[in-house]
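*Asks:* Line by line, the protein sequences are chains A and B. Counting from 1, one number per residue, gives the positions in the first sequence under the working numbering. Counting from 1, one number per residue, gives the positions in the second sequence under the working numbering.
Mixed in with the good hints, there may be bad ones.
Now the in silico label distances, taken between C-beta atoms and shown as ranges [to be verified]:
#1 A/GLU107 x B/ASN76: 33 to 41 angstroms
#2 A/ASP50 x B/ASP150: 21 to 29 angstroms
#3 B/PHE82 x A/GLU186: 52 to 60 angstroms
#4 B/ASP147 x A/SER100: 33 to 41 angstroms
#5 B/TYR16 x A/ALA23: 42 to 50 angstroms
#6 A/THR99 x B/LYS65: 33 to 41 angstroms
#7 B/PHE82 x A/LYS26: 37 to 45 angstroms
#8 B/PRO125 x A/ASP132: 51 to 59 angstroms
#9 B/SER68 x A/PHE15: 20 to 28 angstroms
#10 A/GLY152 x B/ASP150: 48 to 56 angstroms
Keep in mind that the hints were calculated from the coordinates and are not lab data. From a predicted model like this one, the values you see are computed outputs, not experimental measurements. Ideal placement from N, C-alpha and C gives every residue a C-beta, glycine not left out.
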Amino acid sequence: MEDKKDTDIHKYLNFELSSEEEARFKNTSDYKKHQTLLGLLDDSKSIPFDQDVLFDTINNKKGTQTKVIPLYKKWLPVSIAASILICCSVFFFYSANPTSYNTAVAESIQFSLPDNSSVWLNAKSEISHNKDWNNSRDIELHGEAYFEVAKGKKFTVKTSQGIVTVLGTKFNVKQRDQHFEVHCFEGSVSVSYKNYKTVLKANDMFSSKEVGKQKQTLNKPNWLDKQSVFDNSSLNNVLTDIGLHYDIEFKKNNTIENATLKYTGSYTYTDDLTTVLDVLCKSLNLEYSIKDKSVYLSLKE
Amino acid sequence: MNLNTPSTAPSVCEEYHYNAIYKKHSKDIFNFLMFNYGHKEFAEDALQESFIILWRNCSKVSLEKAKSYLYTVAKNKIIDLFRSDNNAKKHAKNKKSTIEQETPSFILEEKEFHKELNDALAKMPEKYRVPFLLNRIEKKKYKDIADMLDTTVKSIEKRMFNALEFLQKELEINKKRF
Numbered sequence: 001m002e003d004k005k006d007t008d009i010h011k012y013l014n015f016e017l018s019s020e021e022e023a024r025f026k027n028t029s030d031y032k033k034h035q036t037l038l039g040l041l042d043d044s045k046s047i048p049f050d051q052d053v054l055f056d057t058i059n060n061k062k063g064t065q066t067k068v069i070p071l072y073k074k075w076l077p078v079s080i081a082a083s084i085l086i087c088c089s090v091f092f093f094y095s096a097n098p099t100s101y102n103t104a105v106a107e108s109i110q111f112s113l114p115d116n117s118s119v120w121l122n123a124k125s126e127i128s129h130n131k132d133w134n135n136s137r138d139i140e141l142h143g144e145a146y147f148e149v150a151k152g153k154k155f156t157v158k159t160s161q162g163i164v165t166v167l168g169t170k171f172n173v174k175q176r177d178q179h180f181e182v183h184c185f186e187g188s189v190s191v192s193y194k195n196y197k198t199v200l201k202a203n204d205m206f207s208s209k210e211v212g213k214q215k216q217t218l219n220k221p222n223w224l225d226k227q228s229v230f231d232n233s234s235l236n237n238v239l240t241d242i243g244l245h246y247d248i249e250f251k252k253n254n255t256i257e258n259a260t261l262k263y264t265g266s267y268t269y270t271d272d273l274t275t276v277l278d279v280l281c282k283s284l285n286l287e288y289s290i291k292d293k294s295v296y297l298s299l300k301e
Numbered sequence: 001m002n003l004n005t006p007s008t009a010p011s012v013c014e015e016y017h018y019n020a021i022y023k024k025h026s027k028d029i030f031n032f033l034m035f036n037y038g039h040k041e042f043a044e045d046a047l048q049e050s051f052i053i054l055w056r057n058c059s060k061v062s063l064e065k066a067k068s069y070l071y072t073v074a075k076n077k078i079i080d081l082f083r084s085d086n087n088a089k090k091h092a093k094n095k096k097s098t099i100e101q102e103t104p105s106f107i108l109e110e111k112e113f114h115k116e117l118n119d120a121l122a123k124m125p126e127k128y129r130v131p132f133l134l135n136r137i138e139k140k141k142y143k144d145i146a147d148m149l150d151t152t153v154k155s156i157e158k159r160m161f162n163a164l165e166f167l168q169k170e171l172e173i174n175k176k177r178f
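Bound conformation, chain B alone (with noise of 0.2 angstroms):
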C-alpha cells in the first residue's frame, strides 16, 4: 500500500478557492468579451461556460493558470456562439423569417451620444477597441490590460494612441453635434 502524505496544496476544486476565482475574475472577463464582441448574451454564455469547464476540469488546473485557462475557454466559446449564429442565420435565410441584426453594444447606451460612440467604436478595430474601452471605462491600467492581453505595456500604449486618433477622426464628422 503506497502511503503518500496527502499534499495539502490549495487546489481550484475547492469550493472556497473556485469562488474566489469568480470574485476576482469574472466582472473582467465578461468586460473583456463585450469590448471584443459586444454581444451581451454571448459574452455571458462564454463566461458561464468558461467557469463549468474550469470546474470540471479543476483537478488538473493549478490555481496560478486558472485565470489564463478561463479566458482561453471564455474566447474559443464565443466564437463557438457566433460560428453556430451564422450557420443559424444562413439557414434561415432562405425562411421569411425577420432576424435582426444584433448591433453590438460596447458600452451602454443611456444618452444620445452613447449610440453615435457606440457605432464608431463598432468600427474600431477590436485591437484598438478593447484596450481602449478597458482603460477609459473600466479605469485599468496599461499593466494590467497587457496581461489580460497578453502582451507589453508598449504595445497598450500604441494601441491607445490610435485608438484616440481613429475616434477623433471617425467622431470629427458628427462633432458638431456633441
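The following block holds chain A by itself, in its conformation from the complex (with noise of 0.2 angstroms):
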C-alpha cells in the first residue's frame, strides 16, 4: 500500500497522469500534505534568459580569436599588480589583435591586405587575418573570397574545411557549410582537404564533392560579376545560393524534398527576386509564394 501512495505522487510530478486519474490523486490526503507547497510552485518561473543576445555575443566572440588577457569584470583593485596587467593585455591586444572583415547578405566588398594583394569577400562571409604580415600571411575565411596575392611569402588561407597555400596567384576559396571549393585562376595554389592535398594550377578547381582534381574555364569567378551560373546543380545548392543574396529564408513543402531536382541556368544580383523565383520554378515545375521573409516552395500539381 505504502508503495503505491510513493508512486502515485511521482507519477503527479513526473506529469504520468491523465486529467482524471489527477483530479482523483489531489482528494488523497498525500497531495493535500504537499498542496500549498506544489501551489506555490506552480506560481513560480525560473530566472529569464535571452537565447538570442547571448548567441550573438557568442558568435561575436569566437569569430575574432584574440589573446587578450582576460581581466576579470568585476574586480579592478588599485595595486601594482594590476596596473602590470593591463599594460600587458593592451600590449598583447595591439599586436595580436586580427584585422576582420565581414559582409551580410546581399553584400559584397574589396579589400587590400599588409602587402597589396586584393580580396573581393562574396556575401555571408567573413575573413580574419593577422595584424603582423612581416613573419607570415595568415587568413581565416568563412564563406566565399576570391584573392589576387602579390608575390611574397607563403600566404595561407585557412577555412573550417581545408587551407589553402600560395605563393604569388589569382584563386577563388569557397567554404559554405559542408561544401569546400578552390578556383585557380592564375599561378598554383597548394590545396589541402581532410587527408587529400593536390596542387592546382591556371584553369584548375577543387571541389569537395567529387574529389579530384578538375578543369574550369572562367577567367574570373562569376559573383565578381554579381551573378551566379549553375550547371545542372541541385536545388539546394541554387537556394542556399539565392539566400546569400535577397534577404529571405527557403521553406521546401515534403513533395519537394524528396525530388531530386537540378537546375541549369543563371541569375543576376541586381535582378529582382521575383524575376529569380519565376525562371527557377518555371524550369522546375515549382510553384512559390512569398510572406515577408520566407519564400514558400512546392511541386506543381
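Put the two chains together into one complex, using the hints given.
*Replies:* So, in C-alpha cells, the structure goes:
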C-alpha cells in the first residue's frame, strides 16, 4: 500500500497522470499534504534567459580570436600588479588582435591586405587575418572570397573545411556549410582537404563534392560580375546561393524534399527576387509564394 | 598522393549543426547552472564559454558527444568563476570597499513568497534542489533530468521526495504567512 502511494505522487510530479487520475489524486491526503507547496511552485518561474542576445555575443567572440588576457570584470583593485596586467594586455591586444571583415546578405566588398594583395569578399562571409605580415600571411575565411595575391612569402587561407596555400596567384575559395571549393585562375595553389592534398594550376579547380582535380574555363569567378551560373546544380545549392544575395529564407514543401531537382541557369544579383524565382520555378515546374522574409516552394500539381 | 574520399559525416564545425546545438541545449544548460548556483551572470558567462570552447574544438567533438562536452565545460567554468570571485573577495577584505554578498536567486522573484522560497531553496542541498526545480519549474521529466545529471530515474525519485520533505519542513515555520 505504502509503495503505491509513493508511486502516485511521482506519477503526478512526472506528468504521467491523465486528467481523471490527476483529479482523483488531488483528493488524496498525500497530495493535500503538499498542496500549498506545490501550488507555490506552480506559481514560480525560472530566471529569464535571453537566448538570442547571448547567441550574438557568442558569435562575435568565436569570429575573432583575440589573445587578450581576460581582466575579471568585477574586480579592479588599485594595485601595481593590476597596472602591469593592464599594460601587458594592451600590448598583447594591440599586437595580436586580428583585423576582420565581414559581409551581410547581398553585400560584397573589396579590400587590400597589408602586402597589397587584393581580396573580394562575397555575401555572408567573414575574413580575419593577423596584423603583422612580416612573418607570415595567414587568413581565416568563412564563406567565399577571391584573392589576387602579390608575390612574396607563403600566403595561407584557412577555412573550417580545408586549407589553401599559395605564393603569388589568383584564386577563389568557397566554404559554405560542408562544402569546400577552390578555383585557381593564375599561378598555382596547394589545397589541403582532410587527408587529401593537391596542387592546382591555372584553370584547375577542386571541389569537396567530387574528389580530385577538375577543369574550369572562367577567367574569374562569376560572383565578381554579380551573377551566379548553375550547370546541373542541385536545388539546394541554388537556394543556398540565392539566400546569400536576397534577404529571405526558403521553406520547402514535403513534395520537393524527395525529388532530386537539378537546375541549369543563371541570375544576376540586380534582378528582382520575383524574376529570379519565376525563372527558377518555371524551369523546375515549381510554385512559390512569398510571406514576409519566407519563400514557400512546392511542386506544381 | 592519398586519395581518401572525403567523409560527408555531419560535424559540429558546420554552422548549421552548431546553431542547432545551441538552440536545443542552451536554455537547459543555463537553467542547470542557475538551479545549481543561483548566479545569473556566472551562469551566462559559463554558458558562453562552453559554446566558444566547443567551437574551438569542434573538429574533435562528435555531434553525439557535444551535449555532455558542453555540460562539462560549463560546470568547470562556473566553478572557476566562483573561485576567482572568492580570491577577489579575499584580497578586497583588507580594503574598505563593500562587496555585496550576492544572494543566490534560483527562481524569479516577482511576488513576496518567492523571496522566502529562494531562501529555503538556498538552504537545500543542490543534490535535491537541481532535480526538483528542473521538474517543478522547467517541467522536465525524470528521465530527462536523470540524463542531464548522469544518474538514474530511481535516484531522481528519491531526490524529489527528499526535496519535498525538506521544503515542507523549512517552510513549516513560516507556513502561516502563506
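*Asks:* Which hints from the list above does the structure break, by number from lowest to highest?
*Replies:* Violated: none.
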